[in-house]
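**Student:** Each chain, letter by letter, is given below.
Number of protein chains: 4
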Amino acid sequence: MGKLRVGVIGYGYWGPNLVRNFYAHEGSTVTVVCDLSEKNLKNVQEIYPAIDTTKNADELFSGDVDAVAIATPVGTHFELARRALEAGKHVLIEKPMTQTAEQGEELIALAKRNDRTLMVDHTFVYTGAIRKMRELIDSGELGELFYFDSTRINLGLLQEDVNVIWDLAPHDLSILTYLIDEKPTAVQAVGYNHIGSSHEELGSINIRYQSGFHAHLRVSWLSPVKMRTALLGGSKKMVVYNDVEPSEKIRVYDKGVAVDLSGQEVTAFTPIYRASDVLIPELDRTEALTVETGHFIDCIENGTRPLTGGEEGLQVVRMLEATGESLKHDNIFLTL
Amino acid sequence: MGKLRVGVIGYGYWGPNLVRNFYAHEGSTVTVVCDLSEKNLKNVQEIYPAIDTTKNADELFSGDVDAVAIATPVGTHFELARRALEAGKHVLIEKPMTQTAEQGEELIALAKRNDRTLMVDHTFVYTGAIRKMRELIDSGELGELFYFDSTRINLGLLQEDVNVIWDLAPHDLSILTYLIDEKPTAVQAVGYNHIGSSHEELGSINIRYQSGFHAHLRVSWLSPVKMRTALLGGSKKMVVYNDVEPSEKIRVYDKGVAVDLSGQEVTAFTPIYRASDVLIPELDRTEALTVETGHFIDCIENGTRPLTGGEEGLQVVRMLEATGESLKHDNIFLTL
Amino acid sequence: MGKLRVGVIGYGYWGPNLVRNFYAHEGSTVTVVCDLSEKNLKNVQEIYPAIDTTKNADELFSGDVDAVAIATPVGTHFELARRALEAGKHVLIEKPMTQTAEQGEELIALAKRNDRTLMVDHTFVYTGAIRKMRELIDSGELGELFYFDSTRINLGLLQEDVNVIWDLAPHDLSILTYLIDEKPTAVQAVGYNHIGSSHEELGSINIRYQSGFHAHLRVSWLSPVKMRTALLGGSKKMVVYNDVEPSEKIRVYDKGVAVDLSGQEVTAFTPIYRASDVLIPELDRTEALTVETGHFIDCIENGTRPLTGGEEGLQVVRMLEATGESLKHDNIFLTL
Amino acid sequence: MGKLRVGVIGYGYWGPNLVRNFYAHEGSTVTVVCDLSEKNLKNVQEIYPAIDTTKNADELFSGDVDAVAIATPVGTHFELARRALEAGKHVLIEKPMTQTAEQGEELIALAKRNDRTLMVDHTFVYTGAIRKMRELIDSGELGELFYFDSTRINLGLLQEDVNVIWDLAPHDLSILTYLIDEKPTAVQAVGYNHIGSSHEELGSINIRYQSGFHAHLRVSWLSPVKMRTALLGGSKKMVVYNDVEPSEKIRVYDKGVAVDLSGQEVTAFTPIYRASDVLIPELDRTEALTVETGHFIDCIENGTRPLTGGEEGLQVVRMLEATGESLKHDNIFLTL
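In order, the protein sequence lines correspond to chains A, B, C and D.
Read the first sequence against the numbering used here and you will find it ends at 336, with the numbers running on by one and no gaps.
Read the second sequence against the numbering used here and you will find it ends at 336, with the numbers running on by one and no gaps.
Read the third sequence against the numbering used here and you will find it ends at 336, with the numbers running on by one and no gaps.
Read the fourth sequence against the numbering used here and you will find it ends at 336, with the numbers running on by one and no gaps.
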């Protein structure tokens with residue numbers, strides 16, 4: 001069997017990374033790139049003279065490509081993916097998969113009907129750090145899981161088409177979906193708009209699970225410092241994940257919350273020192289997208305289910321959709 | 001005029017700091033300490049042979065003290081403070097001032113009627129870091145204020161009488177009350193209980209203000225790492241406060257959120273570098289409680305209003321009370 | 001006038017950066033790349049089909065290039081640069097410029113005789129951080145300069161042709177040469193060899209200047225952590241440079257050593273807190289090599305003296321040569 | 001047997017810590033404190049009414065004390081210790097033990113002759129961090145030891161009686177003496193004087209050992225930042241010690257220098273990432289001086305040899321003396 005022929009739609013911010021990885025992988029090649037911008041297509045031609053370019057996505061659906069990778073604004077995901085699947089192509093979509101859960105369900109059904117691979121580009125799932133966290137969970141080292149608490153803030157570009165939750169939270173929601181086998185049962189969100197843009201610029205999200213596990217996410221476009229941290233608390237051990245660290249992204253604390261803490265006197269005025277070793281494990285540093293594109297090719301070849309398939313993409317969209325609903329409910333605040 | 005004679009009730013965790021400071025201050029002395037524990041009273045006698053000790057608080061109210069400092073569990077604050085004020089004593093109460101707003105209002109009225117100084121021990125307000133933040137606000141350097149976002153988490157003692165919000169949030173709420181001249185208008189809280197204790201062990205709080213300003217607080221007893229950070233975002237500059245840093249607690253970023261950010265391309269995959277100078281200002285390192293006890297003495301001598309008087313204590317209690325109400329409202333979550 | 005036609009010799013570790021920058025600069029282009037490795041030349045052809053490749057450096061000297069950039073092992077620098085200058089080409093040489101000071105002097109004389117630009121690739125000099133340090137010196141803000149104390153250590157590749165001083169110290173020596181207007185008067189070096197390689201793997205260097213200014217450098221290939229720090233101490237202010245920091249590379253301490261320190265009680269057991277503001281200035285983040293190649297082109301066009309010309313390259317070589325001499329003098333140690 | 005009766009000479013900076021620890025220890029008490037300053041003696045009386053005070057050290061030698069702790073300027077150590085030993089007292093001396101090796105030898109001989117315990121207050125040896133490092137060495141985990149590389153710098157008090165090497169290096173030299181079983185064979189030192197004080201304000205020291213092991217120390221009173229770091233490199237693992245960290249003082253890198261490094265391409269421009277786990281071990285946080293005073297009492301009771309006895313004190317003095325000799329040899333610098 002020959003190389004997988006991939007067509008990429010969208011050559012803006014993320015598309016070039018998809019092209020570079022599918023082009024370099026020995027199991028695939030990129031035959032055509034589609035974008036509406038003349039300038040972007042020219043960039044493709046300069047770096048990859050062998051790749052065709054087009055402004056018309058139809059050329060991909062009707063052409064000789066086996067798979068289509070979609071890296072366009074979220075509003076166009078559903079339509080492009082639907083047409084690709086109907087044309088019998090395998091599909092990799094940028095996250096979030098679609099704008100609504102209904103659209104996501106339709107894509108899943110369509111992929112199933114046409115026996116095509118549908119995968120969502122939940123890139124973080126393929127990083128060494130997140131895979132290590134999953135390993136720690138699977139080994140039982142962390143014990144029973146209690147919470148995931150994430151902060152993803154920076155001074156960011158105010159997006160015109162989505163709010164900060166749709167912009168930043170998909171990363172954490174895709175991580176959650178990968179790490180936590182349970183499905184979430186309820187979502188609550190609060191958002192704020194300070195500069196007068198049309199979308200929320202800061203937000204916080206609470207997510208509940210049947211078992212009692214919960215997640216808390218804080219996202220912001222208005223922070224002077226960039227923070228990318230998450231705590232994963234278990235009954236035996238806890239993990240601190242700091243994605244801003246160049247190499248020491250994961251710290252494992254040999255300290256759970258099930259232990260009897262009653263002997264410790266702790267206040268804001270007495271420093272707390274950890275009473276355990278800390279381990280900073282070695283992480284695989286392969287580029288996440290390289291791992292991911294390889295996984296996409298494997299899934300197509302072997303007909304196996306992707307780690308981040310349509311179902312996982314749908315779960316993220318469901319949670320995003322729920323935050324939108326929650327933002328409309330003002331009654332969750334108690335008037336003082 | 002002679003030294004202010006102070007009686008201290010409660011010699012557990014915080015009381016010794018009150019005694020040490022009132023004892024050392026040239027404008028005051030400690031004449032008597034009250035505690036129910038024989039052992040604690042013995043500790044007083046060993047270190048301060050000149051101080052009387054008693055198990056009976058009545059001795060303070062009927063005795064020759066001018067002021068009473070109360071460092072007992074919150075459930076006893078109201079009763080002890082009421083009796084002290086009725087006996088004509090000035091009062092300094094540990095935070096939170098009372099268990100209910102109603103109690104707080106009663107103490108304020110009583111202090112006013114008896115013309116006594118009522119002050120709440122909002123210690124953080126007297127630190128160099130928080131005073132510097134107030135200075136930055138007053139100077140106009142930060143511009144219009146947008147948000148306060150705080151994280152106060154560690155592996156903490158599970159309290160038997162209060163939840164994590166009543167334990168940790170009073171620090172941040174007292175800071176907010178000091179920094180923000182506006183009154184909050186609405187509060188919303190979420191809490192979680194994972195280990196089976198009777199109180200919430202993690203919580204997040206959202207607070208709204210009339211002007212659009214908002215606060216978000218995250219508190220936890222179940223974090224393997226100790227974090228004490230707060231961001232204060234303004235239209236001109238932003239401040240990052242990190243209380244865990246030994247000396248560089250405050251960083252001022254010459255970057256506000258009113259500037260046009262549209263030129264910046266920022267995503268989770270491209271590191272954001274600040275495009276401005278950062279200033280780490282020198283802070284006064286006088287012990288906060290030393291500043292505070294001095295302020296209490298001054299207010300009594302000059303009949304002036306304390307920075308952290310009954311009204312400020314009441315505002316903190318109001319917000320705490322509202323979180324309790326909010327925790328009962330489960331309908332703020334949307335079922336998935 | 002047309003674009004400067006540059007030929008690059010050496011396409012190993014650093015050569016690709018030179019090619020990329022000269023290729024992208026609007027004032028220059030790369031017409032030919034020379035390397036002994038078939039594989040390296042193939043890499044050139046794949047990325048830059050328009051660039052000629054050759055294994056024979058003579059083709060550059062006799063060909064239509066205006067300037068030659070040399071990025072080969074140091075042992076070949078002199079011969080290649082000599083031939084290029086004799087052929088009337090402008091020359092940019094990787095650091096260290098030559099193996100001996102004598103060779104450096106000959107190249108300087110040759111460049112002068114043939115009226116060609118001779119520049120050494122002291123890349124750090126063109127970084128935003130080092131240029132900011134020079135600015136701080138020029139403005140008088142630092143006062144009289146006292147010392148430069150640098151640490152450059154990591155777990156490094158053991159080189160076969162040079163010791164750790166020739167490998168790592170050229171960076172710091174080129175920075176020193178740029179920052180300090182004075183010439184050094186004396187050098188002393190110590191080196192150690194622990195793993196049985198043929199060259200020193202750790203070393204420390206002391207350098208004296210007429211005015212009393214001194215430099216101390218520590219270099220190592222055997223450190224488990226990577227450190228890239230330098231302190232620049234002045235009578236008025238001091239600068240801490242940390243090149244490992246992604247953005248906050250420079251910190252300016254408003255504290256010099258001329259102040260009366262006698263009031264401070266400082267020991268290993270009492271923490272020292274700075275009693276001044278710290279400023280983290282914004283730095284230009286343009287890639288250093290982009291600034292540098294632009295400067296090379298300018299110097300050629302305008303006949304001006306490069307910031308890092310032959311004289312500066314020679315000074316670095318002189319200091320390196322002196323460390324080699326010093327390493328042979330075992331009598332500097334006192335037997336216990 | 002009763003409590004050891006300790007007399008303390010010197011109640012300036014360090015004496016109060018000695019008094020506090022000997023006073024609190026159940027195996028000892030402090031009966032008398034000697035100091036020349038009326039004010040210091042008054043401080044003793046206020047805190048410890050039961051302790052006698054005197055300005056005359058003779059009262060201790062002739063009195064009812066079993067042991068004398070000496071915390072006076074180094075110039076007085078020898079004479080006071082000699083008289084104490086001659087009077088049959090056990091002796092604990094502040095570091096450095098004496099001003100000359102000859103004096104140290106005399107004290108050792110005297111203590112032996114009179115069968116008294118002579119111990120030197122090398123406090124760091126009793127910290128959890130340094131004891132953990134010794135444990136790591138003893139377990140063989142680090143493999144063969146190669147080097148110790150320390151930086152001890154801050155903005156310090158310029159001493160009138162000693163230079164920066166005598167002020168700061170004794171800490172590192174006492175650590176070295178404890179960690180490394182071998183004796184040093186040769187010492188070399190360089191010092192600088194920038195502010196016109198009569199003593200060196202910055203210095204660097206190289207120390208050689210028979211086996212090839214070496215130490216490099218950098219000390220400075222003129223650094224705007226406080227650094228207290230040391231690297232201990234072994235053939236199997238390496239340790240980074242950072243005493244400024246509140247709790248994570250020790251990091252163990254599972255990476256030695258005997259491994260084949262040839263596969264790694266490492267330069268100043270490519271970040272080096274560690275390819276191994278890092279362990280941050282839990283440390284005993286008992287105050288070092290508490291451990292040490294207990295050890296002193298044990299050694300006296302059981303007639304055992306102290307970890308930091310006269311021989312260890314002497315070795316530190318020998319190295320300090322050698323640095324002084326080396327500083328006089330200007331010929332170690334090569335003129336440029």
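A hint or two may mislead.
Which copy is meant is left open, because identical chains are indistinguishable; a pair holds if it fits in one copy or across any two.
[What the hints assert, rightly or not] Heads up, simulated DSBU-like pairs for lysine-lysine below, C-alpha to C-alpha not over 30 Å straight-line:
1) Lys42 to Lys55
2) Lys112 to Lys3
3) Lys55 to Lys112
4) Lys112 to Lys255
5) Lys3 to Lys328
6) Lys42 to Lys132
If you're looking for bench data, these hints aren't it; they were derived computationally from the structure.
Being a predicted model, the structure only gives us computed values, none of them experimental.
**Student:** Against each hint, give a clear statement of whether it holds in the structure.
**Tutor:** Hints, one by one, checked against the model:
1. Within a single copy, Lys42 and Lys55 get their C-alpha atoms as close as 12 Å, which meets the 30 Å cut-off; across copies the closest is 32 Å, which misses it.
2. Within a single copy, Lys112 and Lys3 get their C-alpha atoms as close as 23 Å, which meets the 30 Å cut-off; across copies the closest is 58 Å, which misses it.
3. Within a single copy, Lys55 and Lys112 get their C-alpha atoms as close as 29 Å, which meets the 30 Å cut-off; across copies the closest is 56 Å, which misses it.
4. For the identical chains of this complex, Lys112 and Lys255 are neighbours neither inside a copy (44 Å) nor across copies (49 Å), given an alpha-carbon limit of 30 Å.
5. Taking identical chains as interchangeable, the C-alpha atoms of Lys3 and Lys328 are never at most 30 Å apart, the minima being 48 Å within one chain and 58 Å between chains.
6. Proximity of Lys42 and Lys132 under a CA criterion of 30 Å is satisfied in neither setting, with 40 Å inside one chain copy and 38 Å between copies.
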